[in-house]
Amino acid sequence: MGNVVQRRTRGALRRCPFEVCGNMAGLELLSDQGYRLDGRKATELRKVQARMGVFAQADGSAYLEQGNTKALAVVYGPHEMRGSRSRTRHDQAVINCQYSMATFSTAERKRRPHGDRKSTEMSLHLKQTFEAAVMTQLYPRSQIDIYVKILQSDGGNYSVCVNAATLAVIDAGIPMRDYVCACTVGFVDETPLADLCYAEESGGVSSLALALLPRGGQIALLQMDARLHQDHLEALIEAAMTACKGVSKVLDEVVRQHLQEVSVLTGE
Amino acid sequence: MLKSKTFVKKTRSGGVMKIVREHYLRDDIWCGSEVCTECKQESTVLQRDACIESSLCSYPHYLIPDTNVVLHQIDVLEDPVIRNVIILQTVLQEVRHRSAPVYKRLKDIVHEKEKHFYTFTNEHHRETFIEREPGESANDRNDRAIRMASKWYSQHLKTSETGADGLKVVLLTNDQGNKQKAEDNGLLVYKCEEYIKSLIANPELVDHLALSNDEKNEITSSKVLFPEHLPLSKIQAGIKSGSFLQGTFRASRDNYLEATVFVQGEGEDSTEVLLQGLQNLNRAVHQDVVAVQLLPRDQWVAPSSVVLQDEGAAKDDNAEEEDEEKEVTEAARKPTGKVVGIIKRSWRPFCGMLNVAQIKESTRHLFTPADRRIPRIRIETRQAATLAGQRIMVAIDGWPKHSRYPNGHFVRSLGSAGEKDTEQEVLLLEHDVPHQAFSQAVLSFLPKMPWAITPEDMVRREDLRNLTVCSVDPPGCTDIDDALHCRELENGNLEVGVHIADVSHFIRPGNALDKEAANRGTTVYLCGKRIDMVPELLSSNLCSLRSNVERLAFSCIWEMNHKAEILKTRFTKSVINSKASLTYAEAQMRIDDTSMNDDITNSLRGLNKLAKILKKQRIEKGALTLSSLEVRFHIDSETHDPIDLQTKELMETNSMVEEFMLLANISVAQKIYDEFPDCAMLRKHPPPPPSNYDILLKAAKSKEVEIHTDSAKALADSLDVAKVDGFPYFNTLLRILATRCMMQAVYFCSGMDSDFHHYGLASPIYTHFTSPIRRYADIIVHRLLAVAIGADSTYPDLMDKHKQSALSNNLNYRHKMSQYAQRASVAFHTQLFFKSRGILNEEGFVLFVRKNAIIVLIPKFGLEGTVFFDTKDKAAPNLVFDEEIPGVSVPAPDVGPQAKKPKLDR
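Chains A and B supply the protein sequences, listed in that same order.
First residue of the first sequence? That's 1 in my numbering, and the numbers climb one at a time after it.
First residue of the second sequence? That's 269 in my numbering, and the numbers climb one at a time after it.
Honestly, the hints are just simulated from the structure, not real lab data.
All clues given are correct.
Which residues of chain A face chain B? A few of them, derived with a C-beta cut under 8 Å, are: (1) Asp32; (2) Gln33; (3) Tyr35; (4) Gly39; (5) Arg46; (6) Gly67; (7) Ala107; (8) Asp154; (9) Ala199; (10) His229.
We treat Cβ as the ideally placed atom computed from N, Cα and C, and that holds for glycine.
Next up, chain A with everything else stripped away, as it sits in the complex (with noise of 0.2 Å):
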């Protein structure tokens, strides 16, 4: 989403003097024929690739691809609360998370990774996805660290950062009331988009970003900052919901998956 905001402003600074020029006319975000800008129909999610246990020193790991966007999560934990003490609960673990966007993620270079207000807001907004989803009781005074970095992005950063942390935490090992899947639609001509691209939301879509606990339906975080009436909202947290059902298909094949391979080869 920081990407929508900076688009916007540069816009407004160097205006298109023509009426004709090539990119006033817009894109058209979905034909009539029903068919989106890269091919995929309104329901439909780019396609989602992913690995679990990348690096050996951490806890748990994972490398998610959703389309374009590629993210990589790290898992350490559950351990002994580090740095201030005071933060400690005594009744669960506390869920620490920081999320950052390699330099080299965008069509421009990133001058800083981390620590800008977009990160920090969205590190919060994982770090509360994954406090509902996480079984902090479990491990009380202690911490668990998750660092998410977006390698490319296209769009949806956030879900994708959901979804790879999701695998890395099971990667580690920690028990989570379900997985947590999430997915970003829009809302163009009346119809919820699943799972936007880059051109997608820059074009001005009101989107939206839901997590899901799939197996109960309970919603982990709900995020929209687009204005949107509140007719369309049901409709629009529906396709969220099928679509990160869709998701959550995925990512179990792939525990499957890994789970098998891992048993292979420590089996014997």
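Given the coordinates of chain A, work out where chain B should sit on it, guided by the hints.
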């Protein structure tokens, strides 16, 4: 079924930016043909027996046009004869980038079921997608993609089992290179002209063909008449560096050699650049977006005061410019420039008449558009003899630099000229008024008859059926949208109610009926005809507040004291039962007749009394009373020809109704703005820039009257005292001129603007609430108000300020156009009226003076016309033109009275 493939694209947007996008290729895109058994499609578009009689292709076939064919020959594609066409996604996208109007028309055709146009998403089909090769231009790549898709189709149709019936695809292209390559690939390919000419059964299609450039239409001598237009990239650079200006080209109505370019500057400051002479106009057509270059200051000129009409190539135009007066005062000179390039054409089909060429066998003819600001167009047709004397539509195809006139092609005929229906059609088309009958989809949302008020309707409504409500309208009005009442309350105060037809109850947001009404924007009143915004069942029956029937209304009720001060305002949805529908004259009679003492009359008297106070207050605040001439025709009930005409009379009751409508509008505007500061639909009237008042000041000065224009109040006051003894009409004339100085009042969305002031009414806030039957803005305002009082629920588009803003732009446009259409209709009827009258002598007033003509107004007929001093066969009298007064003096005293007789020129 999802094949993924990523590809890298570089685009330039200012700097170089690398854009990476995914591009999925699919297996589930079907061919859309009835014949095909392989594709698992649910519905098919293309027919099995795609037969059309052609001497080139005797077999059934589908057409695949390439981008340029679609762009240039859209008129041909629109013809009902052409069916079973495959539009490739590549073509559709290219058309979208190149021309928005053509794209819209193409989409309309695709949506039309009978046309059997199928859109094939070839860019995402696994077998038809191709990648751009190194060194290949984007255009070449697209051409190759089109050939690839054609090839796929021809093979696909062959392999499908029923290939026996010989179904083929035919590629249409005008590009020689493309055609050659396609032939090499073994495709069936024809030039568009070739193919259309081969359609033996439909020779009339040939006329629709646009003239293409490569055919070398040597229409005029190869002498280059115009300077070359600069390419877009140069224009862009020029505008950036400030050496060129971008603006909208506006041709002058009075002089075909003159035009202005309106340059929109930063914020408020915008300038007008004057253009003079064919060379400098450089093939720009009215409303085009052009780039202009300013001439050096010593070449600046003043707007000419000559009225010139293009009489054809007979005149030598250059000579004309030379004898333009050279000694203009420095002050009168305006920034002058020349057109260096066209940024965007806004060509549309134009209505007009064909001037049949002198030579009998010639197939090239000139076409004169009805709009004088459009140049004449040269077209090619073989049916000139039948088209002569008809009103026809013609589209411009291009304007080569060696041609005096643009080239175009015939689109369709509207009927014979001079006939009322044809002329009406012309003026509706020229003013872009949607006037087709309502479609079935629209009509399906009408309430079922017989209609009655149900208890559900009553839930949120107040029952006001017992009130003595009555309506006052012009005679013959069937769409009554307002009614009034006034009664004395027990506490001595007065209760005044304005009841407006509850149209938004019947037109629900988002359905076809609503969309149609939003598009039409307003009802258009022509002489003897009304183009409704909503279907007649609503406009003249269910929504019309007729007497003695129960009708749903939206009421605005005030409690006032006898000094017309508002103590309380209340809005409610209601049910009313009007006791009488009166005309202004009837209402006036009742008020004046002291013997009448019934409820209705008393109510009217109360209203009238309050209205007078309200009007006085309003005028004290500085509201303007302006004047424009409106005439009414008495129309023969059988022949529908005008038999008499009179200017509209204004009675006290007119202003009584108006006063309360204004009050209701202001009250509602305040309410919806309070409730929805971001998305209220309001109406504003910006104050005119001081320079607009020049004509008024000059006119007043000629009679030594002074007009102050510093504020609305000053203007109103000085207009009131501007009287000349022995010239009672002078004041009205000044008011007519003042009206012309004004800006247009416009609708806008409150979230998009900060200046709400209504100059003419001297009100800080204003909207339209009182005529929902004939104006769409009122429907929106009704919906907003209904939400504000909790009588209805909101919907997404109502709360979206951008959509609202787009809607108000459309409404403003429709409103403006409907006014023009109305005026044009009156003008046409005036001419019909005079056709049978011969020469009349009537008193007239000179409005403006030009060098070779004067503009004259005849108040009795509301007629304004140009009177030329020099006619074709008579030389101009020796006149001395004085720019300053302005005036024309005639040295010889015997030519004076000519000005009394306007020449109706058309």
